[in-house]
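**Q** Protein sequences, first through last, are from chains A and B. Using the working numbering, the first residue of the first sequence is number 1, and each one after it goes up by one. Using the working numbering, the first residue of the second sequence is number 1, and each one after it goes up by one.
Treat the hints as calculated values from the structure; they're not laboratory data. Keep in mind the model is a prediction, meaning the values are calculated, not measured. Accuracy of the hints is not assured; some may be wrong.
[What the hints assert, rightly or not] Below, a list of computed lysine to any residue pairs in the SDA-like style, where the Cα atoms sit at most 25 Å apart:
no., chain 1, residue 1, chain 2, residue 2
1, A, 210, A, 242
2, B, 185, A, 172
3, B, 185, B, 172
4, A, 125, A, 141
5, A, 4, B, 234
6, B, 431, A, 141
7, A, 228, B, 411
8, A, 43, B, 187
9, A, 43, A, 8
10, A, 176, B, 187
11, B, 83, A, 159
12, A, 159, B, 179
13, B, 457, B, 374
14, A, 174, B, 181
15, A, 4, B, 233
16, A, 228, B, 326
17, A, 119, A, 141
18, B, 185, A, 150
19, B, 185, A, 238
20, B, 148, A, 8
21, A, 228, B, 416
22, A, 87, A, 76
23, A, 4, B, 151
24, A, 159, A, 270
25, A, 238, B, 151
26, A, 159, A, 188
27, B, 299, B, 420
28, A, 30, B, 411
29, B, 150, A, 76
30, B, 83, B, 62
31, B, 431, A, 106
32, A, 4, B, 435
33, A, 87, B, 409
34, A, 87, A, 162
35, B, 431, B, 365
36, A, 188, A, 137
37, B, 294, B, 365
38, A, 176, A, 160
39, A, 228, A, 270
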Amino acid sequence: MLEKNPVIFIILAFVVIMVGTTITMIAPFKWINGPGDRIAEVKPYTPLQQEGRDLYMREGCNNCHSQTVRTLAADVERYGYGGTYSKSGEFVYDRPHLWGSRRTGPDLARIGLKYPDSKGAWHKKHLENPQSVVPASNMPSYAFLNAPLDTTYSERKMKLLDFPYSQADLDDLKGKSEMDAIIAYMRKLGTDIPVKKAAAVTSASAAVVKNPFTTLVAVERDAEGTYKQHCASCHGEKREGTLGPALKGSVRSDAELFKIISGGIDVNGMPSFSGTLDDQNIWKLVTYIKLDTK
Amino acid sequence: MNAPTRYVDDSVKGFIAWSMVWGTIAVVVGILISLQLAWPQLNYAPYLTYGRLRPIHTNAAIFGWGVGSFIALFFYITQRLTKTPLWSPKLARVTLWIFNVAIASAAVTLAMGINRTKEYAELEWPLAIVVAIIWVLFSVNVFMTILKRKEEQMYISLWYIMATLVGVTVLYVINNLGVPLHLFKSYSAFSGTNDANVQWWYGHNAVAMVLTTPPLAIFYYFLPKVTNNPIFSHRMGIIAFWSLIFMYLWTGAHHLLWTPIPDWIQTVAMAFSIMLIAPSWGAVMNGYLTMGGKWEQMKTNYLVKFLICGITFYGLQTLQGPMQAIRTFSAFIHYTDWVPGHVHMGALGWVSMVLFAAIYYATTKMNNTEIYSIPLANAHFWLVLIGQLIYSITMWIAGVQQGSMLLATNPDGSLHYSFMETMIAIMPYYKIRAISGFIYLAGLSLFIFNIYKTFQKGTDSPVAEA
Ligand code: HEM
Ligand code: HEM
């Protein structure tokens, strides 16, 4: 019967493929992004951030970068930057989602926590010429983003996506470049959910606690690795200073250095590392950067 | 005896020729992006940067080469299995031209950065509508031919063909739903986690309905033709068919393990992925048993070589896939180069191998001639096989190496390697992969030359065949 009637066959095939579709794809609409998923702190994009997001899509950054911190410990450690794994409620304003399927480059879900600098100096330098910051990087150069931002549709985008905006937000777009927009987007990623800053506690105690690592031998192996991984892109491979100041042979006190590394100096682009590095590792760094050799 | 049927093959030839053009472009762009990953200076901004070229590669490969040749071969197979000429040859010619305009526009708009970013559904809404129209025109043509058929019994290939027509329509339309902002930009109808769930329901079933059922339809038709053996078991084919199209739709979330997608959806996807081994291997065994023990044909018949090699890679692919769908293994290889290794074993080893055999065979039949050169076809076989093996094997090694480095932690819980250390470790593999692309391209060039020469020496009379 089936082997002889194509019309019945087609209908039956449709029914068969709709079973799994209904249960795993259509039904979940009932609760995904529902009230249970919502997170009050998560805010929609501003016009500038949304423009940046659209540029991110235009350039296909998602082909190399994912935007989800998985629930794995190593993922949280590497890409959480003091925050936690990604939650459904963080993505409710993302149309489309940009989770990606490849990590040719690092995950960017919480990149805003990693580079807090309000001027975006790190991002600008990196996007213009990634190899100038990370020599072995294979990320393309995006210097061409230093072009005026097309704001023709900015307001219409906000309306279509049903995001709140003010006239000030729109005025803010004047004179901005595409680079400014994409940096605004990078700086927003992952910053909505407050991360617990251990900084306040540890830096207060830093004045009393003495640096447990005072000799080079005790720290060199660990600290050099930590430095290369977390600091070299801003302070130079040899601590000679690039985006951030030179650190070689710093004359600051141990407690002062601990406080800066742990708490950061957000406004000027020095990130806080209290969420990424534990006290032990920060103390080792303190000893390491003060050295004036090597 | 009825008068012999006159099959209409001009569009079959047209689609074959154009799919080969798009396939070559896909491979050339594939080589370029693989070079860019090793030498980032090769990013010529802005139109030729990696982020814009990678979707051109995947779209030219899947839609230009894959779908283009599926359309050709579905027209070819359907006519012969129904003993009925194509319902509307004119419509087929129109479809071919819209198809070419669409693929060319896809390449241009993607280079301009007009991109929805949803994998395999990157094209913006006006083009997505054109793609849907092409699909409907093509489906109607095939389906009407089947309706008017002279051969009552529907062979298993027709089942796979019809399932493909329905399946792709449903998938493509739903995943492309959105709200247009202007002609070149729209926003997805779904947001965040919902959007991801819809996307990978689509993404994985593009694998099912584009990279599995069409090559299976083609395989089931051409293997008996080429070997002169009947298919081993029609019943086994039917059972495998229904369970395959039932199970595939549950598995999308295996692309989203450990993400905010609800856990039960991930677990269901994992379970169904493993169950998929059964119907997949049903098809593989059916293929092997159809050989009827005449394995010497692997040596004497170049087409058998392509087909058996293809179904073998399909078998491996459908063992590797379920393994990747297991949470613990996914934690390790997801996001790494392992996945492009998996993808290209399927795309090059399974899909393209079967297409090569089918195109060789159909070309000789449609032109009433023999193949121009069997030695060249053999050289083609070895070059694409070696190219593909180097590609996949290097990427599996790179994936495992990077995956284990990224997860490695020190006793105190901190990470052992920085991201860049893992990238530097896999750089050599990127370079070897680029070389494998050139080997593959050399093989592909022999194929194109051979087909061109065969067309040239053939006679063009549309005579009937069995
Ligand atoms: C032999 C020549 C080819 C080369 C050198 C090549 C190269 C590449 C490269 C470098 C990528 C990006 C991988 C990454 O994200 O790191 C890629 C992705 C891809 N290619 Fe190819 N490719 C070739 C042929 C093909 C063909 C013929 C097809 C299809 C029939 C194909 C289908 C795909 C798909 C579907 C992806 C996306 C994979 C994913 O998302 O993980 N490729 N290819
Ligand atoms: C039983 C059959 C199969 C299963 C269960 C399966 C499973 C999977 C899984 C779990 C992934 C995601 C890997 C990751 O990102 O971690 C994947 C990716 C992929 N598979 Fe398979 N696979 C199967 C067969 C095939 C076949 C026959 C093809 C044909 C070429 C194929 C093509 C692909 C492609 C193109 C991707 C990449 C998607 C992307 O990330 O863009 N798979 N597969």
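**Q** A separate judgement is required for each hint: does it hold in the structure or not?
**A** Taking the hints in turn, this is what the structure says about them:
no.	hint	result
1	210/A with 242/A	30 Å, violated
2	185/B with 172/A	23 Å, holds
3	185/B with 172/B	18 Å, holds
4	125/A with 141/A	10 Å, holds
5	4/A with 234/B	15 Å, holds
6	431/B with 141/A	20 Å, holds
7	228/A with 411/B	20 Å, holds
8	43/A with 187/B	18 Å, holds
9	43/A with 8/A	50 Å, violated
10	176/A with 187/B	23 Å, holds
11	83/B with 159/A	56 Å, violated
12	159/A with 179/B	12 Å, holds
13	457/B with 374/B	15 Å, holds
14	174/A with 181/B	21 Å, holds
15	4/A with 233/B	18 Å, holds
16	228/A with 326/B	35 Å, violated
17	119/A with 141/A	20 Å, holds
18	185/B with 150/A	14 Å, holds
19	185/B with 238/A	46 Å, violated
20	148/B with 8/A	15 Å, holds
21	228/A with 416/B	12 Å, holds
22	87/A with 76/A	12 Å, holds
23	4/A with 151/B	9 Å, holds
24	159/A with 270/A	36 Å, violated
25	238/A with 151/B	79 Å, violated
26	159/A with 188/A	20 Å, holds
27	299/B with 420/B	47 Å, violated
28	30/A with 411/B	43 Å, violated
29	150/B with 76/A	63 Å, violated
30	83/B with 62/B	29 Å, violated
31	431/B with 106/A	21 Å, holds
32	4/A with 435/B	50 Å, violated
33	87/A with 409/B	24 Å, holds
34	87/A with 162/A	22 Å, holds
35	431/B with 365/B	41 Å, violated
36	188/A with 137/A	23 Å, holds
37	294/B with 365/B	23 Å, holds
38	176/A with 160/A	22 Å, holds
39	228/A with 270/A	16 Å, holds
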